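> Each chain is listed here by its residues.
There are 2 protein chains.
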Amino acid sequence: MRLRIRLTVLFALTSLFFGLTQTSALAAKFDPLPSWNEGKSKSAIVDFVKAVTEKDGKDFVPEPERIATFDNDGTLWVEQPMYTQLIFAFDRLKALAPQHPEWKDQEPYKSALAGDLKALFAGGDKYLATIMMSTHAGMSSTEFDQIVKTWFVTAEDGRFERPYTKLAYQPMLELLSYLRDNKFKTYIVTGGGIEFVRAISERVYDIPPEQVIGSSIKTKFEDDNGKPVILRLAAIDFIDDGNGKPEGIEKFIGRRPIAAFGNSDGDLEMLQWTDAGVKKHLCLYVHHTDALREYAYDRDSKVGRLDHGLDQAKQHGWTVVDMKSDWSRIFSAESDHR
Amino acid sequence: MRLRIRLTVLFALTSLFFGLTQTSALAAKFDPLPSWNEGKSKSAIVDFVKAVTEKDGKDFVPEPERIATFDNDGTLWVEQPMYTQLIFAFDRLKALAPQHPEWKDQEPYKSALAGDLKALFAGGDKYLATIMMSTHAGMSSTEFDQIVKTWFVTAEDGRFERPYTKLAYQPMLELLSYLRDNKFKTYIVTGGGIEFVRAISERVYDIPPEQVIGSSIKTKFEDDNGKPVILRLAAIDFIDDGNGKPEGIEKFIGRRPIAAFGNSDGDLEMLQWTDAGVKKHLCLYVHHTDALREYAYDRDSKVGRLDHGLDQAKQHGWTVVDMKSDWSRIFSAESDHR
Numbered sequence: 001m002r003l004r005i006r007l008t009v010l011f012a013l014t015s016l017f018f019g020l021t022q023t024s025a026l027a028a029k030f031d032p033l034p035s036w037n038e039g040k041s042k043s044a045i046v047d048f049v050k051a052v053t054e055k056d057g058k059d060f061v062p063e064p065e066r067i068a069t070f071d072n073d074g075t076l077w078v079e080q081p082m083y084t085q086l087i088f089a090f091d092r093l094k095a096l097a098p099q100h101p102e103w104k105d106q107e108p109y110k111s112a113l114a115g116d117l118k119a120l121f122a123g124g125d126k127y128l129a130t131i132m133m134s135t136h137a138g139m140s141s142t143e144f145d146q147i148v149k150t151w152f153v154t155a156e157d158g159r160f161e162r163p164y165t166k167l168a169y170q171p172m173l174e175l176l177s178y179l180r181d182n183k184f185k186t187y188i189v190t191g192g193g194i195e196f197v198r199a200i201s202e203r204v205y206d207i208p209p210e211q212v213i214g215s216s217i218k219t220k221f222e223d224d225n226g227k228p229v230i231l232r233l234a235a236i237d238f239i240d241d242g243n244g245k246p247e248g249i250e251k252f253i254g255r256r257p258i259a260a261f262g263n264s265d266g267d268l269e270m271l272q273w274t275d276a277g278v279k280k281h282l283c284l285y286v287h288h289t290d291a292l293r294e295y296a297y298d299r300d301s302k303v304g305r306l307d308h309g310l311d312q313a314k315q316h317g318w319t320v321v322d323m324k325s326d327w328s329r330i331f332s333a334e335s336d337h338r
Numbered sequence: 001m002r003l004r005i006r007l008t009v010l011f012a013l014t015s016l017f018f019g020l021t022q023t024s025a026l027a028a029k030f031d032p033l034p035s036w037n038e039g040k041s042k043s044a045i046v047d048f049v050k051a052v053t054e055k056d057g058k059d060f061v062p063e064p065e066r067i068a069t070f071d072n073d074g075t076l077w078v079e080q081p082m083y084t085q086l087i088f089a090f091d092r093l094k095a096l097a098p099q100h101p102e103w104k105d106q107e108p109y110k111s112a113l114a115g116d117l118k119a120l121f122a123g124g125d126k127y128l129a130t131i132m133m134s135t136h137a138g139m140s141s142t143e144f145d146q147i148v149k150t151w152f153v154t155a156e157d158g159r160f161e162r163p164y165t166k167l168a169y170q171p172m173l174e175l176l177s178y179l180r181d182n183k184f185k186t187y188i189v190t191g192g193g194i195e196f197v198r199a200i201s202e203r204v205y206d207i208p209p210e211q212v213i214g215s216s217i218k219t220k221f222e223d224d225n226g227k228p229v230i231l232r233l234a235a236i237d238f239i240d241d242g243n244g245k246p247e248g249i250e251k252f253i254g255r256r257p258i259a260a261f262g263n264s265d266g267d268l269e270m271l272q273w274t275d276a277g278v279k280k281h282l283c284l285y286v287h288h289t290d291a292l293r294e295y296a297y298d299r300d301s302k303v304g305r306l307d308h309g310l311d312q313a314k315q316h317g318w319t320v321v322d323m324k325s326d327w328s329r330i331f332s333a334e335s336d337h338r
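Top line first, the protein sequences correspond to chains U and L.
The numbering of the first sequence is the numbering used here, which starts it at 1 and goes up by one.
The numbering of the second sequence is the numbering used here, which starts it at 1 and goes up by one.
Next comes chain U alone, as it looks inside the complex:
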């Protein structure tokens, strides 16, 4: 009997040992960032995460302080040939046009409805603001959320022939998950409209609405015949771009991020603010270098300009992702380029 017991114990210990070995082997093989090619960018991310999560390590950062902020357009999803929200605005304008016969002869509606973007952009910020307010204000917040959600169901990108929600970058989706698995709180800090992005943030990025910071218009709480509503007013409240990004982060989060991700000059101040933190941190630029699988642009682009971003990144030693060489795939679907 004693022998049997000893054998049982031995067997149990052996199983445990091999079990553990197998688990370790699996862990060693498991790659949380499979769409990232091996190289400097991937190492910078993995090394940073290891450093701030290693208990008793010199760079350990407690969980509540693990704040990571991501720009949206051009960093988490495609921003070319123009911001998705602008495409939504034009589509919305067309949908509303029958109720506004006067738009036919009135700028900037006339140019926008005719698809004459050149004339529209020539009108500058004032023209664009008018288009935005006509399509984003004048309804309740609940109604707007529904309008945006409905639009995203059917709207498709012409070049990639897929819904805009499928134009999120697979490597960045993996990065979001990887950070969350390591107890980071992931935020979107977008120059785009806060409620526009919130309408899809949970579905596309697994980011709840309260972790989206963005540009906003003023709202007004009102009693609509005994039913309280929050009305969207045609007046700008806050522009979450440039200086606005660190200001928005301070207002909404009240804590400095330890990781920030951007792709253009509009994200520069957010990266500077993150870089000025005393704790170990990661600043990363996504550089669009892949004309075949996505787009290639920087200084000369109409959207996502990098007049200062790349210079500053080099100067400060920030990580610059070269999409062409650093990413093994761009999107999650089977074919990247159709």
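Warning: the hint list may mix true and false statements.
To be verified - Distance condition first, Cα-Cα at most 20 angstroms in a straight line; then the derived EDC-like pairs of lysine to aspartate or glutamate:
hint, chain 1, residue 1, chain 2, residue 2
1, L, K314, U, D275
2, U, K185, L, E65
3, L, K185, U, E65
4, L, K183, U, E63
5, U, K218, L, D237
6, U, K227, L, D206
7, L, K183, U, D223
8, L, K279, U, D275
9, U, K227, L, D311
10, L, K185, U, D206
11, L, K227, U, D265
12, U, K185, L, E202
13, U, K183, L, E202
14, L, K149, U, E65
15, U, K185, L, D206
16, U, K227, L, D275
17, L, K220, U, D237
18, U, K149, L, E65
19, L, K227, U, D275
20, U, K183, L, D206
21, L, K279, U, D265
22, L, K220, U, D275
23, U, K185, L, E63
24, U, K279, L, D311
25, L, K185, U, E202
26, L, K183, U, D265
27, L, K183, L, E161
No lab work stands behind these hints: they were computed from the structure.
If you're wondering where the values come from, they're calculated on a predicted model, not measured in any experiment.
Chain U is already provided as a structure; the job is to place chain L on it using the hints.
Only chain L this time, still in chain U's reference frame:
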């Protein structure tokens, strides 16, 4: 040998059985709200939490939608004889006075420094705004955070002879924990300054800064000799009171709460907004009825007025907490009244 094995198995199963029985008995006895007396208010809270967390129940609410919003002054901690933040402002004014000899002869500083609150309040909102801006603006957000934190270390309430951070209501601290244990996200939605409350929210309420919504002044991101700072400007950005509360909730969270807690007319719109939700929800007013252990006030009070709150609560069937009879203790320390 076989007998021994059988006995071993029997012993193991017996231990397991008695172990489980003991655990169930403990669970049945465990009261998550020990400072709440049995009664309508406590039942309303417990029944609500059970209903929205019961998987497959008709009122089940998924975890990400379990948003609970709490007013701070008078709901989570004492607001009499005046808001803690105002006491901070007066103390701060005194600390700054040596650098401002001109204040001696200049209103509203003269009255404030002389402790002549009657003259000060007679000057209305303009006087108060001047005091607030002189004490809350003109420094970086990091500096302000430090100033507030330092003040809270030594400042004490005269009547209760304890730091203001120890004037949080024990029953409400238990309620916050109880909701969080049931996967609620707990928010403070205060008429007070967002960064003032954030300085102590984690320590006092276990609520991180990003879950504090409050009134704010404008800020400006600036490069201070190569070091980026966020400066606090002497201009109001947002008043998170009355209509502002649901507007702030929509802006910061983007989701309607299913539980809201207030104590005055400033919280009314937040409760109305919560009450208008289609999912099961809880609206609760803390009614100050205990002059001996805390304060008793409603319609006639200078702070925490209830001109409409109580009427609306009755009309809509909201839960009204009677502090005197519903709470077995007010504060966490040994003696409630000294």
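> Could you run down the list of hints and mark each one as holding or not?
A quick look at each hint next to the structure:
no.	hint	in the structure
1	K314/L x D275/U	violated, 53 angstroms
2	K185/U x E65/L	holds, 17 angstroms
3	K185/L x E65/U	holds, 17 angstroms
4	K183/L x E63/U	holds, 18 angstroms
5	K218/U x D237/L	holds, 12 angstroms
6	K227/U x D206/L	violated, 34 angstroms
7	K183/L x D223/U	violated, 31 angstroms
8	K279/L x D275/U	violated, 43 angstroms
9	K227/U x D311/L	holds, 18 angstroms
10	K185/L x D206/U	holds, 17 angstroms
11	K227/L x D265/U	holds, 18 angstroms
12	K185/U x E202/L	holds, 16 angstroms
13	K183/U x E202/L	holds, 18 angstroms
14	K149/L x E65/U	holds, 18 angstroms
15	K185/U x D206/L	holds, 17 angstroms
16	K227/U x D275/L	holds, 10 angstroms
17	K220/L x D237/U	holds, 15 angstroms
18	K149/U x E65/L	holds, 18 angstroms
19	K227/L x D275/U	holds, 10 angstroms
20	K183/U x D206/L	holds, 17 angstroms
21	K279/L x D265/U	violated, 43 angstroms
22	K220/L x D275/U	holds, 18 angstroms
23	K185/U x E63/L	holds, 17 angstroms
24	K279/U x D311/L	violated, 51 angstroms
25	K185/L x E202/U	holds, 16 angstroms
26	K183/L x D265/U	violated, 39 angstroms
27	K183/L x E161/L	violated, 35 angstroms
Consistency note: the structure conflicts with the earlier hints numbered 1, 6, 7, 8, 21, 24, 26, 27.
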